[in-house]
Amino acid sequence: MDALAAIRDVFFQECEEQLAELESGLLAMEGGDTDPETINAVFRAVHSIKGGAGAFSLEALIRFAHVFETALDEMRSGRLAASSDVLKIMLRAADVLADLVRAARADEDGQHPHAATLADELKAMSGQAGDSDETEEDWGDFEFQPMAAAMDAPEAAPAGPTGFKVTFKPRTDLYAKANEAALLLRELARVGTTEVELDAHDVPPLHEMDPEAAYLSWIITVTGDADEASIREVFEWVDGDCELTIEPIGGEAAGEDAGEAAFDLSALLARVQGDAPAEAAPEPEAPVAFEPIAEAPIAAPTPVVAAAPAPVTPPAAANEASADGPAGAGQRKSDAAAAGATIRVDLDRVDRLIDLVGELVINQAVLAQRVMEAGLARASAVAMGLDELEQLTREIQDSVMAIRAQPVKSVFQRMPRLVREVAAMTGKPVRLVTEGEGTEVDKTVIERLADPLTHMIRNAIDHGLESPEKRAAAGKPAEGVVRLSAAHRSGRIVIEVADDGGGINRERVKSIAIEKGLIGAEAALSDEEIDNLIFMPGFSTASEVSDISGRGVGMDVVRRSIQALGGRITITSRPGKGSTFTMSLPLTLAVLDGMVVSVEGQTLVAPITAIIETLQPKAEDVHSLGGHARVISIRGGFVPLIDVGMALGYRREPLPATQGVALLIEGEGGSRAALLCDAIQGQRQVVIKSLEANYRQVPGVAAATILGDGRVALILDIDTIVTVSRGDMRKAG
Amino acid sequence: MSMTVLTVDDSRTMREMLRLALADAGFRVVQAEDGIHGLEVLQAEAPQVIVTDINMPRMDGFGFIEEVRGDQRYRGIPILVLTTESDAEKKNRARMAGATGWIVKPFNPIKLVDAIRRVAA
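These protein sequences, in sequence, are chains A and B.
Just so you know, we're using this note's numbering here: the first sequence kicks off at 1 and counts up by one.
Just so you know, we're using this note's numbering here: the second sequence kicks off at 1 and counts up by one.
Bound-form chain B, shown alone:
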């Protein structure tokens, strides 16, 4: 069965870009619009990898990562942070929250897929 990747991003454009890149690589893609929605989809879809944006309404990426890491059921899921923020502070906050790795937008689809394969067992 193909690997399921959850993408969390408030931008429809980004979600579609991710879907295109990931579906092309043979992943099953499930999507969420913000952190809270992400937690709902996480429970329903059991993804093997999560790719999340940082700047989102309701619950941002930091909050989302903390929630995932704080949940015994999901803490082992690799989370890649996908954001245009390339500054060290954001990256550090995401890492403190428990992000596995990060990718800077605009992303190269090949490298994105590569990164996902890299963190997924």
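Only chain A is shown next, with the shape it has when bound in the complex:
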């Protein structure tokens, strides 16, 4: 990738950040935030996007950003009130800007269906020229020739006279802004052939001299190709900080009026050396004035300095004098950091580090077990050293995991736009409230959260919230509220999507479930059980699919994606008050909370998240369905009893149920099963090692881990085991 393409990538990454900043700022303002820094940040975001777009000549983006920026500037300066209507337009403009950025990223910088309309709205409200003729002109003014527009250079004037007489008298301010007369003269010499004459009439006696004041002036004759505009350009930056006149002269030889500006340098130097200590050198800001003359052979009485190409060499002495402070500071620079409080690291490197730390954790556990087996006392130096090692290893593990952790903000911030769109489609006014955006979780978890969250928010607005009329009838404010929150709770991240709508219509859910054959007609279900029916595969029906929450995705898919992340999702609902979906997810996908069990001498790990309870089967609860298929009755309901040893092929004859222990698990789509194991060893956090990467995929096994005793333990893929056993069971039945 060439350097420019890399910068382009940086630009688009940055655009995403700025778009997020823009949106959250506007939303904060909509929520009543009047902090000037908020509008400033919003302005800066658009301003930066425009600036970067200019560098890449993304015309459509530049134009829209420019109009947007101008409107924001009006708002920033208080000329445009940040009313709710204005902010709504701004938010829509932010959406269009986001679309334009994405189009530009896909190399499709061009038209956007709403860009022109919104640009007009922005212009109208901020008093920018509105009608189309002026618009063109307006944009024409805003010439964004990529990499071309430069230093406000005035247009070159047509060539006229043969030369110019420039009189230049710097004021003290010129030096105070770190401009240097010598450098300007050097610059002027690039424009044309110059003859420089120094006027030192105003230099006072040394004891009267103000070291910071400007006393010198110059008369420069410029001949050659120079035109007035390019001469003015040289002095553009010091305009106002000097007295400057530029007079055209005919083709005659320059410098005829020279001769009066006699400046006795040697006399001055003598005075300086004679009665001034070194630090009292005159005009430290402008010692350059002396140097060229001292270097030139034409010192004292000769007033005219022949000054072809670069007569005024930058004097080293002046440089050193003015750079004294920084140069001193430079010696200390090695121990101070350069730029940036963050670094960008390739994700592969982080993952490699996480892998290695995983190995370290396992090795440490193995070592600890060996030491224990060797019979060393707990208080022995080795055992104590190991304890410390364990502590450190855990801290390293946590720190490394933290590298992959990111705030959920990146996914939360996509939601306001979604809410606006769905609200517009359904005609329901909605306010989105987000909390805990800073809560951190593994990057992969965040990435995979976007789809389920999108679906749930759509659902909350489309199905959860009532129509404004119904809300009014129920005595609720017309505007519905959807609350999206994240928090850390006991080593997991809990994300909630709550609405203040009508709650689950249990009668309806139940009748749909019966109709679909998901439950028996006379099934007695608790409210909670009814609410959770919506997660059943096949519950979401065609008649219910609307434009918004439909798209063929039901809550069962949401549940599956959450479970794929090692998470759980539940719903609580109160009639008339609203529903809350609660997702609990692991903070990382690199470690897993596991239940370690033994089956036929093998050590296996079941993900704790899937386990509802463990139980000791009683003979009277277990019923055979013929073959090896069995069910177990748990509190009046029957669930399949699956012998893990049989399922994985460790044994040919099933273990008598009473000799083992059962894990009641909930798999994909909420289906339950009891997994029969020989014994439970305990709960442990295990480092997940991919089986596919090291061996190959094995049905019924999700991954592997290495335990403290150095043995490999397989992590069960509960859903596959249940599905496969069900199939077997059907065959058997």
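Any given hint might turn out to be false.
Straight-line Cα separation of at most 25 Å, SDA-like style, residue types lysine to any residue; simulated pairs [unchecked claim]: (1) B:Lys111 to A:Glu59; (2) B:Lys111 to A:Asp241; (3) A:Lys169 to B:Pro109; (4) A:Lys510 to A:Lys577; (5) B:Lys91 to A:Ser77; (6) A:Lys169 to B:Arg93; (7) B:Lys91 to A:Leu80; (8) A:Lys577 to A:Ser485; (9) B:Lys91 to A:Ser126; (10) B:Lys111 to A:Asp239; (11) B:Lys91 to A:Ala41; (12) B:Lys90 to A:Glu233; (13) B:Lys90 to A:Gly240; (14) A:Lys443 to A:Asp593; (15) A:Lys409 to A:Leu27; (16) B:Lys90 to B:Arg75; (17) A:Lys123 to A:Glu37; (18) A:Lys123 to B:Val104; (19) A:Lys510 to A:Ala523; (20) B:Lys90 to A:Asp241; (21) B:Lys91 to A:Thr172; (22) B:Lys91 to A:Asp241; (23) B:Lys90 to A:Glu243; (24) A:Lys169 to B:Arg75; (25) A:Lys618 to A:Tyr650; (26) B:Lys90 to A:Ala41; (27) B:Lys111 to A:Val191; (28) A:Lys169 to B:Gly98; (29) B:Lys91 to A:Thr38.
In case anyone wonders, no lab produced these hints; they're calculated from the structure.
Keeping the supplied structure of chain A fixed, place chain B upon it in accordance with the hints.
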């Protein structure tokens, strides 16, 4: 030794663009994200020229220039203001604060380098 240029800009894109243009011209480039960061880097890196943006969080370009000019150690360092603002008011404020010169974004790399050479002794 090559000349050190400090660039102060909150946009990563702009910082990278500047780095590319300036490093290409043989300058040593040090970067800062805003005025406050700029003052820190200034102390550590002793640049010969500063190129700064105006619109920045925490401390904007005006504030930064004033701070630099108010510090005896740094007041002689030329400061070029790099900004998309081409209106006279911004330019004037930057000059009042003590900017040496200004460059309008999007900048032409050659002219930028030229401008830096122009103000650097």
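Here is how each hint holds up against the structure:
Annotation: proposed proximity of Lys111 (chain B) to Glu59 (chain A) holds, straight-line Cα distance about 22 Å (limit 25 Å). Note on Lys111 (chain B) and Asp241 (chain A): the hinted pairing holds, with a Cα-Cα distance of about 23 Å set against a maximum of 25 Å. Distance check on the hinted pair: Lys169 (chain A) and Pro109 (chain B) sit about 31 Å apart at the alpha-carbon level, beyond 25 Å; violated. With a C-alpha separation of about 19 Å, the suggested pair Lys510 (chain A) and Lys577 (chain A) falls inside the 25 Å cut-off, and the hint holds.
Proposed proximity of Lys91 (chain B) and Ser77 (chain A) is supported: the alpha carbons are some 17 Å apart, at most 25 Å. Between Lys169 (chain A) and Arg93 (chain B) the alpha-carbon distance is near 23 Å, which keeps this suggested pair within the 25 Å criterion. Our distance criterion of 25 Å between C-alpha atoms is met by Lys91 (chain B) and Leu80 (chain A), whose separation comes to about 24 Å. The straight-line distance between the Cα atoms of Lys577 (chain A) and Ser485 (chain A) is roughly 18 Å, inside the 25 Å bound, and the hint therefore holds.
For the hint pairing Lys91 (chain B) with Ser126 (chain A), the CA-to-CA distance comes to about 23 Å; that is within 25 Å, so the pair holds. Restraint check for Lys111 (chain B) and Asp239 (chain A): satisfied, since their Cα atoms lie roughly 20 Å apart, inside the 25 Å limit. A distance of roughly 21 Å separates the Cα atoms of Lys91 (chain B) and Ala41 (chain A); the hinted pair therefore holds under the 25 Å criterion. The straight-line distance between the Cα atoms of Lys90 (chain B) and Glu233 (chain A) is roughly 19 Å, inside the 25 Å bound, and the hint therefore holds.
For the proposed pair Lys90 (chain B) and Gly240 (chain A), the alpha carbon gap of about 15 Å is at most 25 Å, so the pair holds. Under the criterion of a C-alpha separation no larger than 25 Å, the hint pairing Lys443 (chain A) with Asp593 (chain A) is consistent with the structure, at around 19 Å. Pair hint Lys409 (chain A) plus Leu27 (chain A) holds up; C-alpha atoms about 14 Å apart against a cutoff of 25 Å. The hinted pair formed by Lys90 (chain B) and Arg75 (chain B) meets the criterion: a straight-line CA distance of about 21 Å does not exceed 25 Å.
Only pairs whose Cα atoms come within 25 Å are accepted, and Lys123 (chain A) paired with Glu37 (chain A) is accepted, the gap being roughly 23 Å. As the CA atoms of Lys123 (chain A) and Val104 (chain B) are separated by approximately 24 Å, the hinted pair is consistent with the 25 Å bound. This hinted pair checks out: Lys510 (chain A) and Ala523 (chain A) have alpha carbons roughly 9 Å apart, not beyond 25 Å. With a C-alpha separation of about 17 Å, the suggested pair Lys90 (chain B) and Asp241 (chain A) falls inside the 25 Å cut-off, and the hint holds.
Of the pairs offered as hints, the one joining Lys91 (chain B) and Thr172 (chain A) holds, with about 19 Å between alpha carbons and a cut-off of 25 Å not exceeded. Restraint check for Lys91 (chain B) and Asp241 (chain A): the C-alpha separation of about 14 Å stays at or below 25 Å, so the hint holds. With a CA separation close to 23 Å, the supplied pair Lys90 (chain B) and Glu243 (chain A) stays within the 25 Å bound. Between Lys169 (chain A) and Arg75 (chain B) the alpha-carbon distance is near 21 Å, which keeps this suggested pair within the 25 Å criterion.
A hinted pair counts as satisfied when its Cα atoms are at most 25 Å apart, and Lys618 (chain A) with Tyr650 (chain A) qualifies at roughly 23 Å. Only pairs whose Cα atoms come within 25 Å are accepted, and Lys90 (chain B) paired with Ala41 (chain A) is accepted, the gap being roughly 18 Å. For the hint pairing Lys111 (chain B) with Val191 (chain A), the CA-to-CA distance comes to about 15 Å; that is within 25 Å, so the pair holds. Using a Cα cut-off of 25 Å, the hinted pair Lys169 (chain A) and Gly98 (chain B) holds, with the two alpha carbons roughly 18 Å apart.
Of the supplied pair hints, the one linking Lys91 (chain B) and Thr38 (chain A) holds, its CA atoms being roughly 24 Å apart against a limit of 25 Å.
In this structure, the one hint that does not hold is number 3.
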